[in-house]
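Residue numbers (the working numbering), protein chains in the order written: chain A, 291 to 542; chain B, 20 to 231.
No lab work stands behind these hints, which were simulated from the structure alone. Don't take every hint at face value.
Simulated restraints on C-beta separations [what the hints assert, rightly or not]:
hint, chain 1, residue 1, chain 2, residue 2, range
1, A, Asp-459, B, Arg-100, 51 to 61 Å
2, A, Pro-501, B, Glu-120, 26 to 36 Å
3, A, Glu-411, B, Asp-42, 37 to 47 Å
4, A, Ala-462, B, Asp-75, 26 to 36 Å
5, A, Phe-515, B, Gly-92, 32 to 42 Å
Some, not all, of what chain B presents toward chain A, calculated at C-beta under 8 Å [stated by the list, open to error]:
hint, residue
6, Asn-24
7, Val-37
8, Pro-47
9, Tyr-48
10, Lys-49
11, Pro-52
12, Val-56
13, Thr-61
14, Asp-75
15, Tyr-124
16, Arg-125
17, Arg-129
18, Asp-134
19, Phe-185
20, Ala-189
Glycine residues also receive a C-beta, built at the ideal position from the N, C-alpha and C atoms.
So you can see what is in the structure, the chains are spelled out below.
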Amino acid sequence: MKRARIAYQGSAVWTELVDNDSALRLGNGEIIPAADAQWLAPVTPGASIFALGLNYADHVKELGFKTKEPPLIFLKGANTLVGHLGTTVRPDDANQMHPECELVAIIGKPARHVTADKALEHVGGYTIACDYAIREYLENYYRPNLRVKNRDATTPLGPWIVDAADIPDPQALRLRTLVNGNTVQNGTTADMVLDVAGLIAYLSETMTLLPGDMILTGTPQGVHFCAAGDEVICEIEGIGRLVNRLVAEPKP
Amino acid sequence: MIAGNIYGVVLNDRPQLVRMAGDFAMPPYKKPPEAPVLYIKTRNCLACDGSDIVLDADLAQVEPAATLGLLFGRPAIKTSRENALDCVAGICLALDISESEDSYYRPTVRQRCRDGFLPLGKFGAFDPEILKASIGTSVNGMAVHAWSSERLARDAATLIADVSSFMTLAAGDLLLIGLPHDAPRARPGDRVQVDCAGLSPLAIRFKSIGTA
Numbered sequence: 291m292k293r294a295r296i297a298y299q300g301s302a303v304w305t306e307l308v309d310n311d312s313a314l315r316l317g318n319g320e321i322i323p324a325a326d327a328q329w330l331a332p333v334t335p336g337a338s339i340f341a342l343g344l345n346y347a348d349h350v351k352e353l354g355f356k357t358k359e360p361p362l363i364f365l366k367g368a369n370t371l372v373g374h375l376g377t378t379v380r381p382d383d384a385n386q387m388h389p390e391c392e393l394v395a396i397i398g399k400p401a402r403h404v405t406a407d408k409a410l411e412h413v414g415g416y417t418i419a420c421d422y423a424i425r426e427y428l429e430n431y432y433r434p435n436l437r438v439k440n441r442d443a444t445t446p447l448g449p450w451i452v453d454a455a456d457i458p459d460p461q462a463l464r465l466r467t468l469v470n471g472n473t474v475q476n477g478t479t480a481d482m483v484l485d486v487a488g489l490i491a492y493l494s495e496t497m498t499l500l501p502g503d504m505i506l507t508g509t510p511q512g513v514h515f516c517a518a519g520d521e522v523i524c525e526i527e528g529i530g531r532l533v534n535r536l537v538a539e540p541k542p
Numbered sequence: 020m021i022a023g024n025i026y027g028v029v030l031n032d033r034p035q036l037v038r039m040a041g042d043f044a045m046p047p048y049k050k051p052p053e054a055p056v057l058y059i060k061t062r063n064c065l066a067c068d069g070s071d072i073v074l075d076a077d078l079a080q081v082e083p084a085a086t087l088g089l090l091f092g093r094p095a096i097k098t099s100r101e102n103a104l105d106c107v108a109g110i111c112l113a114l115d116i117s118e119s120e121d122s123y124y125r126p127t128v129r130q131r132c133r134d135g136f137l138p139l140g141k142f143g144a145f146d147p148e149i150l151k152a153s154i155g156t157s158v159n160g161m162a163v164h165a166w167s168s169e170r171l172a173r174d175a176a177t178l179i180a181d182v183s184s185f186m187t188l189a190a191g192d193l194l195l196i197g198l199p200h201d202a203p204r205a206r207p208g209d210r211v212q213v214d215c216a217g218l219s220p221l222a223i224r225f226k227s228i229g230t231a
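Work out the full structure: start from the sequences and follow the hints.
Following this line, the structure appears as structure tokens:
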């Protein structure tokens with residue numbers, strides 16, 4: 291099953307995808323065309339949002355780093371999220387702004403001291419994130435710093451959550467990014483340094499993961515700098531395609 | 020308790036910046052920080068006054084840093100320093116607990132975001148006068164630390180203005196205004212209390228796992 295969060299008649303509501311993803315069923319049974327949906331990021335309010343840096347071997351090499359041990363984990367605020375078909379501002383001086391297609395694991399039931407072999411039982415579903423980075427804003431303090439990774443609406447998320455039961459192996463998914471139709475990232479989740487189960491085990495060693503918490507699991511190689519006006523699509527096999535458009539800074 | 024994001028800032032303590040001035044020129048930093056150096060506390064960290072904070076077996080001691088939390092009542096978006104405090108509706112005492120760290124290069128999620136690592140005192144209506152008061156910490160009844168926001172490199176208004184220049188501080192968000200570099204240490208069994216004139220005190224006790 292796929293579940294999407296949309297804005298409908300003044301409320302944020304959860305819906306189910308039906309009819310080969312062409313329509314959405316609301317909680318009251320009403321069905322509306324997917325084409326009419328105002329997509330919101332499929333997030334539980336208050337959820338913790340974890341993100342991984344340097345978690346694909348090829349991307350680590352591309353950036354000239356050595357693989358991190360322990361994993362490079364950072365956090366994001368809910369202000370960063372924007373739904374499918376939304377827009378993201380590209381600041382005028384951000385000549386090195388690039389998309390990062392990422393598999394997102396969403397926690398389904400609380401996890402604490404969970405071992406890797408049991409960890410996937412705590413996943414409720416999966417979605418897609420495009421975790422934009424702006425390399426000009428990197429500073430060597432708590433890197434990647436919030437000025438790079440916590441800007442409003444710079445993390446498109448969605449379009450929906452696919453139930454974990456429908457993704458038997460999260461480490462065998464093709465993922466790619468297209469900018470204006472050209473493929474700029476093309477990888478597989480098989481190349482993760484620490485896989486979804488390992489990440490849940492690692493995080494749950496020291497903290498309780500709660501339902502709705504999200505783990506953005508990192509991105510493969512392919513750093514492509516984008517311009518305002520670009521259409522950026524992140525696709526993951528078995529989940530869907532997340533569409534975003536970059537726009538210039540509004541002028542006051 | 021808190022509806023929004025919880026942000027804090029390190030390297031906002033003037034004596035610490037003086038002490039580390041030489042380090043900032045060296046790798047891995049190479050130059051001093053420009054933007055505020057922010058971190059996020061996750062929801063599992065939240066605890067209230069009177070809580071027992073259970074420390075995992077791998078933690079012999081922790082660093083409970085007393086600070087103030089500012090609760091936003093309206094969003095700060097590219098807000099000027101002059102208008103910044105108008106966005107703040109509430110204020111509370113906070114104990115930002117972490118494992119001691121000696122590097123500011125990579126984010127410290129594991130060190131800062133353990134369960135119970137952010138006890139908050141009761142919220143009061145925001146009054147800028149509270150920002151001038153001394154924040155005192157006692158461990159097992161003995162006063163061990165005191166500081167005030169006079170030490171901040173960026174005061175609360177400047178911090179809000181500088182943060183909101185690149186991201187929104189939304190209504191419901193909480194901003195911790197800085198940490199003293201010389202915060203005390205505490206171990207399982209210790210009772211820690213924080214006091215500040217104008218605010219309800221905040222007291223917690225550290226326990227080791229498996230103790231009553």
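Each hint, compared with the structure:
1. Range check, A/Asp-459 to B/Arg-100: about 52 Å between beta-carbon atoms, so the 51 to 61 Å window is met.
2. For the pair A/Pro-501 and B/Glu-120, the supplied restraint of 26 to 36 Å holds, since their beta-carbon distance comes to about 30 Å.
3. A hinted range of 37 to 47 Å for the beta carbons of A/Glu-411 and B/Asp-42 is consistent with their spacing of about 45 Å.
4. In this structure the supplied range 26 to 36 Å holds for A/Ala-462 paired with B/Asp-75, their Cβ-Cβ distance being about 34 Å.
5. With their beta carbons about 39 Å apart, A/Phe-515 and B/Gly-92 fall inside the hinted range of 32 to 42 Å.
6. For B/Asn-24, the shortest C-beta to C-beta distance to chain A is roughly 4 Å, which falls under 8 Å, so the interface hint holds.
7. Interface hint status for B/Val-37: violated, as the beta-carbon distance to the closest one in chain A is roughly 17 Å, over 8 Å.
8. Look at B/Pro-47: its Cβ gets to within about 5 Å of chain A, closer than 8 Å, so that hint holds up.
9. Given hint, B/Tyr-48 at the interface with chain A, holds; its Cβ is 5 Å from that chain's nearest Cβ, closer than 8 Å.
10. This hint holds: B/Lys-49 has a C-beta 6 Å from the nearest C-beta of chain A, less than the 8 Å allowed.
11. Taking 8 Å as the C-beta contact cut-off toward chain A, the hint placing B/Pro-52 at the interface holds, the least distance being around 5 Å.
12. Checking B/Val-56 against chain A by beta carbon gives a least distance of about 4 Å; that is within 8 Å, so the hint holds.
13. A hinted interface residue such as B/Thr-61 counts as satisfied when its beta carbon comes closer than 8 Å to some beta carbon of chain A; here the least separation is about 4 Å, so the hint holds.
14. Here the hint on B/Asp-75 is kept, as its CB sits about 7 Å from the closest CB of chain A, short of 8 Å.
15. At a threshold of 8 Å, the smallest CB-CB gap from B/Tyr-124 to chain A is about 6 Å, leaving the interface hint in force.
16. Because the beta carbon of B/Arg-125 sits about 6 Å from the nearest beta carbon in chain A, less than 8 Å, this interface hint is met.
17. Against a cut-off of 8 Å between C-beta atoms, the interface hint on B/Arg-129 holds, since the closest Cβ of chain A lies about 5 Å away.
18. Annotation: interface hint on B/Asp-134 holds; nearest CB of chain A at approximately 5 Å, less than 8 Å.
19. Evaluation of the B/Phe-185 hint against chain A yields a held restraint, the C-beta minimum of about 5 Å falling below 8 Å.
20. Nearest Cβ of chain A to the Cβ of B/Ala-189: about 6 Å, under the 8 Å cut. The hint holds.
In this structure, the one hint that does not hold is number 7.
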